[in-house]
Structure formats: C-alpha cells, structure tokens
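From first to last, the protein sequence lines are chains A and W. Under my numbering, the first residue of the first sequence is numbered 6, with each subsequent residue one higher. Under my numbering, the first residue of the second sequence is numbered 115, with each subsequent residue one higher.
Don't take every hint at face value.
What the hints assert, rightly or not - So the derived list for chain A, only partly shown, Cβ under 10 Å to chain W, looks like this:
1) G27
2) V56
3) G106
4) L112
5) F139
6) Y145
7) Q150
8) T183
9) G187
10) I190
Simulated from the structure, these hints should not be mistaken for lab results. Using N, Cα and C, we set each Cβ at its ideal position, and we do this for glycine too.
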Amino acid sequence: MRSSRIDRFEPLLSPGVRFVWGTSLLVLFLLQQNPILKLALVCLFAVMATVAGKRIRYGYFATLLISITIFNLLTPYGQVLLTIGPLRITTGALVAGATKGLTIVGLIFASLFTVSRYLVLPGSFGLFLARSFFYFERLYSEKKQIRRDHVIQDIDAIMERVSNLEEGETAPRGHSPTTGKGILIAVILLLVVAGTIAMPTGFLPHLS
Amino acid sequence: MPTDKRELAALLGGLCLFFSTIEYLIPKPVPYIRLGLANIPILLGLDLLPVGYIFLITAVKVIGQGLLNGTFASYVFLFSLSGSIASTCVMILAHRIGRNAISLLGVSILGALASNAVQILLSIQFIFGSNARIIAPVFLGFGTASGIAMGIFALVFVRRSKWYQAIHAKFSNRPV
C-alpha cells in the first residue's frame with residue numbers, strides 16, 4: 006500500500022522495534038474474547054493505521070465484515086432473533102460471525118501500522134529482497150510514462166531502461182532510530198490494549 | 115542488462131512488486147476479487163530461470179507485497195503465501211511437463227485456478243466455514259477470467275517486447 010500520507014510512527018520507532026511492538030499488540034488483540042471490547046480495539050487499530058499514514062477504505066472493510074457475518078448466519082444456533090423467509094437469524098451465529106469478522110479486520114488494521122516498508126529481513130534473502138526493492142523503486146518512479154493505449158510498448162521501454170542500471174546498488178532504506186517518545190507511546194498503547202483483557206466486563210451487555 | 119540469473123530474478127521480483135502496487139491502485143468492488151497482475155513476471159520467468167529462482171521471485175512477491183501493503187502480519191499474508199505457492203507449483207509443472215503443448219495462456223489459467231482453489235479451502239477452514247462452497251463457483255469463475263487476462267497479456271508481451279527478446283536470447287535455449 007503506497008501512500009503519500011505521512012507515517013507518524015516512522016520518526017518514533019525503528020522498523021524492527023515497531024514490528025515487535027505491533028505483533029505484541031496483535032497477540033493481545035487475539036486474546037480479547039468480548040465482542041464489544043474487540044470492536045473498540047478494531048476502532049483503535051483503525052485510528053493507529055491512519056496515524057501510520059495508511060488510507061483505510063471503510064467500504065471495503067464493511068463489505069468484508071458483513072459478508073463474513075452473513076456466511077456464519079447460514080448455520081443458525083442460539084436464540085432466534087428474526088426470521089427472513091427460510092433464513093433464521095440467531096444470536097449465536099450473529100455474534101460468532103461478527104466476532105470472526107472483527108478479528109480478521111482488526112488483524113489487517115494491526116498489520117497496517119505494524120509493518121514498515123523499511124523493515125529489513127536478515128540473511129541472503131533479505132539482500133535479494135532489497136535488490137528487488139531497488140528495481141521496484143526505479144520502476145515505480147517511471148509509472149507515469151505508461152500510457153493506457155500503449156501499455157506493452159511503454160512497459161517494454163521502462164524495462165529496457167531499468168535493466169541497464171548499475172549493479173550492486175540497493176534501494177535507499179533510510180529510517181529513524183527509536184526515540185524515547187516512541188517508546189512511551191508504544192508502552193501506553195500496549196497497556197491500553199492489555200488493560201482491555203484484564204478489564205471486568207460485567208457492566209457490558211451479555212452477548213451469546 | 116542483468117548479467118546473471120540472480121540479478122534477472124531480482125529484476126522480475128521488482129516487477130512483481132510494481133504490478134502489485136498498480137493493482138492496489140485499481141479500485142475493487144468486493145474484497146475477494148483480484149486481477150493477479152503480479153503473476154505476470156512469474157509467467158515471464160518460466161522460460162528464463164531455473165525452478166529455484168522462480169520460487170525466489172514468488173517469495174519476493176508475497177513478502178514484498180506484505181511489506182508494501184502492510185499485510186505482512188495479517189491473515190491476508192497467509193492466503194497470499196498459500197495461493198502463490200500453489201499457483202507457482204502448478205505453473206512450473208504445467209510449463210515443464212507441457213513444454214510445447216501448453217501455452218503461457220494455459221499455464222496462467224492453471225495457476226489462477228490452483229491459487230483460487232487453495233484460497234477457497236483456506237476460507238472454508240478459517241473464515242466462512244462450509245458455507246463458502248456457495249461462492250466457490252463465482253470465485254473460480256473470476257479466477258479463470260483473470261488467469262485468461264494475465265495469460266493473454268504475458269503472451270502479447272513475450273511476442274512484442276524487445277527487452278524480453280533480448281533477455282530471452284541471453285538466458286534461454288528455447289525459441290520465444
């Protein structure tokens with residue numbers, strides 16, 4: 006996902022620290038069983054993904070959530086809430102479907118702010134990937150040269166130019182180190198998400 | 115011009131990421147449908163590179179997409195990884211076994227079907243349950259259509275591209 010929006014986590018957390026932090030949040034999210042608190046975490050993750058400069062297509066994710074819920078409704082169980090023709094909408098299937106949908110959407114949102122494009126993978130595969138990113142950056146910088154009615158011709162010309170670049174070069178992978186402010190924000194968010202798991206849920210509506 | 119096969123594989127990996135970014139910019143009406151533009155460089159590489167490098171390009175495609183799109187830590191990555199591995203295995207087999215009998219169009223369709231079949235099985239297992247069989251025909255239909263479109267693109271590119279012909283002359287013993 007390329008975006009011209011500013012990634013506000015970038016100057017605060019190095020890609021490696023950010024990855025560890027984000028995956029920790031992701032694990033805590035998976036431990037959350039209450040659907041209402043899960044929804045609250047999905048909203049928090051959506052805000053964090055936006056802060057990370059990612060554009061969220063809410064229509065896309067709403068379709069994803071609704072379709073997963075509908076498919077779960079096809080296997081009814083629990084109290085019948087409503088009957089629409091042959092379809093019985095039951096509390097159990099509705100809550101299970103919505104929870105599953107929220108989990109999947111939440112994981113995507115969490116991934117969006119967890120993964121920096123500057124994350125460097127170790128070993129010879131990491132070097133190979135960096136080399137591919139170098140070519141990708143060069144190809145992407147030529148994107149505007151592609152005309153709709155000459156796609157093949159234009160891609161061919163771009164490939165010729167990019168193929169003739171110097172060997173040994175790699176894409177610039179510059180990024181900032183982790184700052185004290187970044188650590189503070191990361192710890193606060195970890196505590197908030199962990200807090201929702203420890204939180205008593207007696208005051209929330211009972212769904213099952 | 116790439117001097118060795120590893121460099122050519124890195125270039126094709128970069129092309130996968132480029133096509134994947136272009137595809138991301140194309141609006142999708144529903145979440146489960148995609149074109150599969152990033153498979154084109156894999157189709158192009160079949161005639162040029164040994165099996166190991168084709169899998170390396172596939173790895174770059176899946177991991178690079180995950181890093182660029184930010185889906186590296188989500189279920190999307192698992193779907194992409196499984197679909198891509200299945201598709202690459204089937205495309206390599208079809209290309210190697212079929213030799214002159216199966217064109218890039220046929221290879222592309224088989225690859226798309228393999229990828230979709232694996233993703234349907236995963237969605238039955240992890241997301242929708244057995245009810246996913248209802249959308250399976252629609253999903254496979256779109257998969258076939260996208261496989262045809264990508265196969266035609268690859269065929270036309272192979273025939274018209276001067277860059278591909280120069281690369282082919284350097285790295286392959288087979289006629290274009």
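Hint check:
no.	hint	in the structure
1	G27	holds (6 Å)
2	V56	violated (13 Å)
3	G106	holds (9 Å)
4	L112	holds (4 Å)
5	F139	holds (7 Å)
6	Y145	holds (6 Å)
7	Q150	violated (12 Å)
8	T183	violated (18 Å)
9	G187	violated (18 Å)
10	I190	violated (18 Å)
The structure fails hints 2, 7, 8, 9, 10 (numbered hints given earlier, in ascending order).
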